[in-house]
Amino acid sequence: MLSDKTDQGGNGQLPDADALRSQVAEFLAAHDPGSTERLEFLRARFDAGLAWVHYPAGLGGQGLPRSLQVVVDREFTAAGTPSNHPERNGIGLGMAAPTILAHGTPEQKERWLRPLWTGEEIWCQLFSEPGAGSDLAGLSTRAVRDGDTWTASGQKVWTSSAHMAKRALLVARTNPDVPKHEGLTYFALDMKQPGVEVRPLRQITGEAEFNEVFLTDAQIPDADRIGDVGQGWTVSMSTLMNERVSIGGNAMPREGGMIASAARTWREHPELRTPGLYDRLLKLWADAEVARLAGARLRQQLAAGQPGPEGSAAKLVFARLNQEISEFEVELAGGEGLLYDDWTLRRPEGANFFGRNPGFRFLRAKGNSIEGGTSEILRNIIAERVLGLPKEARVDTGPWKDLPR
Amino acid sequence: MLSDKTDQGGNGQLPDADALRSQVAEFLAAHDPGSTERLEFLRARFDAGLAWVHYPAGLGGQGLPRSLQVVVDREFTAAGTPSNHPERNGIGLGMAAPTILAHGTPEQKERWLRPLWTGEEIWCQLFSEPGAGSDLAGLSTRAVRDGDTWTASGQKVWTSSAHMAKRALLVARTNPDVPKHEGLTYFALDMKQPGVEVRPLRQITGEAEFNEVFLTDAQIPDADRIGDVGQGWTVSMSTLMNERVSIGGNAMPREGGMIASAARTWREHPELRTPGLYDRLLKLWADAEVARLAGARLRQQLAAGQPGPEGSAAKLVFARLNQEISEFEVELAGGEGLLYDDWTLRRPEGANFFGRNPGFRFLRAKGNSIEGGTSEILRNIIAERVLGLPKEARVDTGPWKDLPR
Amino acid sequence: MTEATASEATASEATASNTTVNDAASGGAAATGFGPGASGRGRPARTANLLYGETETELRAAVRGLLADKAPWRDVLARTETGQTCDDGLWHTLAAEVGCAGLLIPESLGGAGASYREAAVVAEELGRTVAPVPFLGSAVIATAALLAAGDTEFLPELASGAVTASLAIPFAAGTRTRPESTVRLDAPQRGDERGEYRLTGTITGLADALPASVLIVPVDSVPYGLYAVRVSEPGVGKRPLVSLDMTRQLSEVRLEQVLARRIAAGPAAEQAVAAALLAGAGVLASEQLGLAEQCLDATVAYVKERHQFARPVGGFQAIKHRLADLWVSVTQARAAARYAADWLAAGFGPETTMAVALAKAACSDTALKAAQEMIQLHGGIGFTWEHPAHLYLKRAKADSIGLGTADAHRASLDVLANLPAPE
Amino acid sequence: MTEATASEATASEATASNTTVNDAASGGAAATGFGPGASGRGRPARTANLLYGETETELRAAVRGLLADKAPWRDVLARTETGQTCDDGLWHTLAAEVGCAGLLIPESLGGAGASYREAAVVAEELGRTVAPVPFLGSAVIATAALLAAGDTEFLPELASGAVTASLAIPFAAGTRTRPESTVRLDAPQRGDERGEYRLTGTITGLADALPASVLIVPVDSVPYGLYAVRVSEPGVGKRPLVSLDMTRQLSEVRLEQVLARRIAAGPAAEQAVAAALLAGAGVLASEQLGLAEQCLDATVAYVKERHQFARPVGGFQAIKHRLADLWVSVTQARAAARYAADWLAAGFGPETTMAVALAKAACSDTALKAAQEMIQLHGGIGFTWEHPAHLYLKRAKADSIGLGTADAHRASLDVLANLPAPE
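Chains as they are written, first to last, in the working numbering: chain A, 1 to 405; chain B, 1001 to 1405; chain C, 2001 to 2423; chain D, 3001 to 3423.
Hints listed in this document are in silico derivations from the structure and should not be mistaken for laboratory results. Keep in mind that the hints are not guaranteed to be accurate.
[Stated by the list, open to error] Here are a few chain A residues that face chain D, going by a calculated C-beta distance under 7 Å:
1) Ala294
2) Arg347
3) Arg379
[Unchecked claim] These stretches of chain A come out as covered by chain C in the derived footprint (C-beta under 8 Å, 3 or more residues):
4) 103-112
5) 263-277
Backbone N, C-alpha and C fix where the C-beta goes; we use that ideal spot for every residue, glycine too.
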């Protein structure tokens, strides 16, 4: 086959991978994973610029291409070193860190990034509100300044890990008299204070994977403001861009994800097979595999420095397939599909799209087309930004306080 | 089973059916179908009020419920009397007649309805224009008044039977300086004049079932204006209501329509059957049968005097099923499906959705979701008029002449 | 409003006004066994009435009023987390006072002597509220079995609402083939001197069995038999199952040497079970129809109120078109559901089997689609526990599997519509 | 822009950046016969390159330029109503001057020594214009057969564009099982002293056979054989067929005692046919991808221009969402098409068969959907003859049947993905 430049993107091998490997080797020689205390080890790894190599020197990285991170991770995993448990701080690593890096002050980066990466400080996100879902910019939570302190009040929803979080990314309205996008400001909120109440938000699965957060005169030092006053929308957008790429666009082996359990049940239970279900299974399996290839192609584009808008497509397809496959799986299960495992209110560690029983997967998948940008909003984005079709006529350009709600 | 009042609607039997039968018997005694000349017979039937019994006395009817028409038709058919060939004058009978009845002057009804019903005068419809499809009210064909005569110029499209028609239902713009709906006027146009040029409009099937009609200073006596000047939109709406009920809402036997040939091919060619196609066939057959029942229910509602908005649903489903079934049928045919019968330009007598070969049916069906109101427009109508959802914000309320086109 | 016209295609028929449904086949009055059978073939075609009659409309109003008062969604939701998922109080009112328990039972046996047309309307209303009462299991399925078996002992008790019965067949069973029984007959196989029998076995995944005081148990004995068991007898055990749809909680029944009376044997027993399952599927289709309508109505109401971008969400055309499509599906489902109810009212036979298959297939798909659109178009709030949407989604999904999936019912068209499967 | 977040599910992977495609199975370099075979199982996994390389991008530009100049849609449409539906002039330029005829042929035989990755890009461009040239039939299918058969006589002529060849198998044939031959071997069965054979028979529904000067004819002789026939030989008759897609007109070929040379026999012949059909299906998927993209692009451009209700039609949200969904389908189809092209370039084996099945299934559905949306969203004008939309619809429909339908390719997943069919 051809081996043109883009092929290099195919496996992320770049010249200085070896250099990195030896760096890690030296580091490990200096810090024996066996004898070094966990947190001490992680802080040292951060300070050595081996936390996230694509971050700047002094902030846990050394300004290398992101694609080299996998090399470092492999080495540390192979050496059995302590993990920073990224799964426990997804919003911190996936959304807060890039936002802080892009919009934070040097002092803020200094203060927040290390404990964030080591997992000492879990972050959550206070964006959505009952009245502001797809229309995030319409949010009502107010923040009022008095000297060097802001006082915030309002209700936020859909905040995962709020009950474990030390800090939150908060967008609040600081000026109701200007158009909605212009009156927002972005903060890092200390969650451990009296003005912050976290209540579990129960989903249709019976679990409470998310929270409602009620702010009542919560205090924020102006030093924790991220970006200028009134710049909250711009900062939020960069946060959300990071969110969108993170949903549905991950590397998976063939028959990974939702199709795995459906295919397994099909193979293990010949008695459940029917012609109608077979036709659906073949379509779903093929679509799932093609979606996997599309995700791989997307990552090859990124690695080759040809980023495309296909990320939104990945999330749309991810949601559709998760829903159709889990719907199929419950029907395939027949009598078993009519049962559930447990309705009692639980607080899971994180979202688990593919776990528990078919009924759970069926119900949880309904959220995939809502969370992280509804499928309707994604279609708007594709139509307007990718296809260049006319935008919806806007009727919400006046002062926020005058808009119908 | 129950026999409540609505059940009467189920078979259209009303008390005075017998009375009608004897009327017909008397008429036949007086006008022997064998010896009476065709046109003479039809005119006499019209004058006897036995043409369309739901029309007023003196205009071919006697003001009876429409449901009784079937009784009369049966009797005349049984007696082997000459037919007025409704299939040759569909627009005349289905759209022109009700419009004339509702909006015409006594003199116009007198002058037009009899030759229309007998088939002496074929009617066509000059509504759509290249620039005014879904947005009919945006049409550009101008009509200017000079004394008792109007002079019309412009281009109309999608006019069936224009090449056979004596008269046309014409909507034209008589005042460009007012909002588009207010500047229209409705006319009956004499097609047999120098200012009217009819050109065949060829479709993707290769046939020219429709025409383009070019008006160049076509003359219209003011006596042929239907409704007041500026009332053209209102009159057009009543015409189109009649059109909409006439598409997709007709009585059919089980396995009538597009599914018939697909099911026949399936039965006669076991070698073409595959599991994937079978699943599609079962779905399509079931959907087609349910659509047939929905049509029957709609007619029972009408007969029981409970008209519902389900007519638009019938047309939407009719279009979708025709398209999916014919698409299935071509695939089922395999190698045969790759062939066509004839591409040469033909002028068929009327639309034939279910004729010729699978390829033709596949192509012709694509028109079903466009002609007589696109599926998109129908969804708007359902959403706004049936579900009461908010209307689209309008930007076309200013004077017609100032609108972007 | 018009892009082109093809009126010729249709005007000729349009001038006529044929209002009859030309039913290709027609039903037999006598219950037939599993499969379409042929008993009805010879009989004259009849015209199905697809509308709602006055008595049906009045019945609907009565039931709707009661449910609005006694089954608000917050109560229904709260009950799903109690040990008592069936609302006995509501059921007693519905069964005894409104008379829903005896709709199908002749007046001679204390019933209302109505038909499946009325039962279907009640099911629509129960679907609209997902009210947790055993109407389907007791007043339709068990009653249909007892009627077909010619029972006279239990039916009066059912009609009065004193007794609630359940046919001991898993809810997931299809209507096409006779479900295998997991219960055996203990000695004496021919019953004792008092004509009584003993049953032992476990049946799981039963709907509406928890509130049942009488169980109708099919046994693959020789001959195949249908036996009645009073749950008050020693040896009967019930275990509630954690169900996807807790508004119709499933359960497992254990029988240990339980005293039973045989109410039908051989072909009669088989026909009774076939009729019961077919009737259940047909009436379930109307429940699904009502559920779908409620999901559509609630969603339309919500998108008119919910504002985003300073506009009602229901004003966005993509939402409008999806709701229009859903409304179209509901119109189709309604025609199929009424056709099934009307043919069930006329008896059992090939056309009734066809009607039920079409209705269960159409209504299963429509109800599921409606519930899913309800959640999606409500956005985040529809994904929360404290909102009725999930109750409808879970009921819709369970109903789509209960008494034969859409696929299973369409598969029966191979014989019913002579559409043979590929080799 | 966010209703809820579930980043935990994904962030951990998101922090890594795995850019490889973990191919479960992997391909063998040697051609295998029909069915997935197992020859490739043992070989090490490889990473498919799903992007377009520089050489491919340059080739695309050259072909697109030529087609824009030589194959405007009005000419393509006009030609469908002539007696000469294949554009020989255009084909000669494309084949000889641009070198598309020899892409798959090694330089040692006068070809470009490129691969299926480049051939697929050419197919994309031909799909965008539905240009009537026999690239698929001659430069891909026939060439693949000759390559697999180890031919050296005809390939140089094909590479130079002097000869156009066609594999005499109906376009509607699938790729999974060996199509039955309708041609027989006349005596002497073992060929005459000069090693020449005589063929008699009729093959119908052939694509790209009208312009072919050489026919590659499979015969179910013993052993199964692949024979080459020069159309100039006496006894060869061709009849054009009125085809749904007149931009790739089908034809019927009659052979009467025609002189033929055997180019492969036994397993080699079978493998050559299998490879040719699989390669054809894989490259056809890229043609469908190009067609789908063109339908999307043309429709997006039209709805931006077309005004109704004083607004661009493309500003109505329902239209926007449908076009967004179509764009999504195209992104999926492209990944599948590139995966197939890349695996074909690597040789034949189970993973290549899998890749082609996925691509043909995805691209068939997407192309058909795109062409249908093109017509619907153009409204009336798209339903007229004097508009390119119908050319795309007819090509899309024919392509969806040619070389195996989506259903047929998905059906092969029973073995490829171990998803056994129901009993």
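Hints, one by one, checked against the model:
Against a cut-off of 7 Å between C-beta atoms, the interface hint on Ala294/A holds, since the closest Cβ of chain D lies about 4 Å away. The interface hint given for Arg347/A is broken, as the beta carbon of that residue sits about 13 Å from the closest beta carbon of chain D, more than 7 Å. A hinted interface residue such as Arg379/A counts as satisfied when its beta carbon comes closer than 7 Å to some beta carbon of chain D; here the least separation is about 4 Å, so the hint holds. Restraint check on the segment 103-112 of chain A versus chain C: 0 residues with Cβ-Cβ distances below 8 Å, three needed, restraint violated.
Residues of the segment 263-277 of chain A with a Cβ under 8 Å from some Cβ of chain C number 4, which satisfies the need for three, so the listed coverage holds.
Checked against the numbered hints given earlier, this structure breaks hints 2 and 4; the rest are met.
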